[in-house]
Amino acid sequence: MKSNIKCKKLQTFRRKNMITIFIRAILLYIMMIFAIRLMGKKQLGQFEPYELAMALLIADILATPMSDVSTPLFHGVLPVMAMIGIHALVTILSLKSDKARALISGKPSLIISNGIIDFNELSRLSLSISDLLEGIREFGILNPWDVECAIMEANGTITAFEKSKKRAPTAEELEMYVENEVFPAALIMDGKIQKSSVILCALSEKRLTEALEEINLSAKEILLATIDRENRINLQTKSGLIRKIHLGKE
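First residue of the sequence shown? That's 0 in our numbering, and the numbers climb one at a time after it.
Because the hints were derived from the structure by calculation, they are not lab data.
There could be a bad hint or two in this list.
[To be verified] Below, computed lysine-lysine pairings styled on DSS-like, alpha-carbon distance capped at 30 Å:
no. : residue 1 : residue 2
1   : Lys106    : Lys191
2   : Lys194    : Lys237
3   : Lys106    : Lys165
4   : Lys106    : Lys95
5   : Lys191    : Lys237
6   : Lys219    : Lys194
7   : Lys243    : Lys194
8   : Lys219    : Lys205
9   : Lys243    : Lys205
10  : Lys194    : Lys165
11  : Lys219    : Lys243
12  : Lys237    : Lys205
13  : Lys106    : Lys162
14  : Lys205    : Lys191
15  : Lys205    : Lys194
16  : Lys191    : Lys219
Model the full assembly from the supplied sequences, consistent with the hints where possible.
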């Protein structure tokens, strides 16, 4: 009888322990997201070296109170707040002093100049030829000798500029008049009307709905619908059907 009671108490304790860990995990996850967002970055590739180190430290700091219920939650929150404060100070210092920024974040390095690869700079950066070729291919350049200059940025990405005689001429160089590009506004995404886009395009939901009804469709059936400067709506339904609608002028 006593053993059954002890067993039930142990099971109850374990359940409470798991619930506590679950709640802690949620709270600390939110805390980490909040800390990363305060750094102002959305992707890992946008991190400066010191920011990446700080993100790893924050993750390590939060791991202990997340898994060990005997560790007070505050022991994880306080160091993270301190790290956020340090990040703010380092960022301000980097903005105020070029020397401090070069020391903390590094500085861009020229790795190709007038089609000539700087092998010494590649060695210093521990960058292989394969990495270099991959970096310039992202800019549509296949041959490194067609590169006017390529730069290894402080965040580790490669920026490449093609030689003028190798790139396609621009409309300005050909003295041609072209209209400015207008980004198509998304009116419907995943079956939901984007009210802000509808208002921005001087439309009404009623007019949009009526236009869809004319081709026997509803907003809920639309995967994506965009509108261009000529009031042409291009849409694709969730079933894969592609249609076009011309609203004309009001």
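Taking the hints in turn, this is what the structure says about them:
For the proposed pair Lys106 and Lys191, the alpha carbon gap of about 45 Å is over 30 Å, so the pair is violated. Straight-line distance between C-alpha atoms of Lys194 and Lys237 comes to about 20 Å, which keeps the hinted pair within the 30 Å bound. A C-alpha spacing of about 28 Å is found between Lys106 and Lys165, which places the hinted pair at or below 30 Å, so the restraint holds. Taking the CA atoms of Lys106 and Lys95, the gap is about 15 Å. The hint holds against a cut of 30 Å.
With a CA separation close to 12 Å, the supplied pair Lys191 and Lys237 stays within the 30 Å bound. Our distance criterion of 30 Å between C-alpha atoms is met by Lys219 and Lys194, whose separation comes to about 14 Å. Taken as a hint, the Lys243 and Lys194 pair is honoured in the structure, with Cα atoms around 20 Å apart against an allowance of 30 Å. At most 30 Å may separate the alpha-carbon atoms for a hinted pair to count; Lys219 and Lys205 meet this at roughly 15 Å.
Between Lys243 and Lys205, the direct Cα distance comes to roughly 18 Å. Compliance with the 30 Å bound is thereby established for this hinted pair. Restraint check for Lys194 and Lys165: not satisfied, since their Cα atoms lie roughly 44 Å apart, outside the 30 Å limit. Of the supplied pair hints, the one linking Lys219 and Lys243 holds, its CA atoms being roughly 17 Å apart against a limit of 30 Å. With a CA separation close to 21 Å, the supplied pair Lys237 and Lys205 stays within the 30 Å bound.
Proposed proximity of Lys106 and Lys162 is supported: the alpha carbons are some 24 Å apart, at most 30 Å. At most 30 Å may separate the alpha-carbon atoms for a hinted pair to count; Lys205 and Lys191 meet this at roughly 14 Å. Pair hint Lys205 plus Lys194 holds up; C-alpha atoms about 11 Å apart against a cutoff of 30 Å. At most 30 Å may separate the alpha-carbon atoms for a hinted pair to count; Lys191 and Lys219 meet this at roughly 6 Å.
Of the numbered hints stated above, those contradicted by the structure are hints 1 and 10, listed in ascending order.
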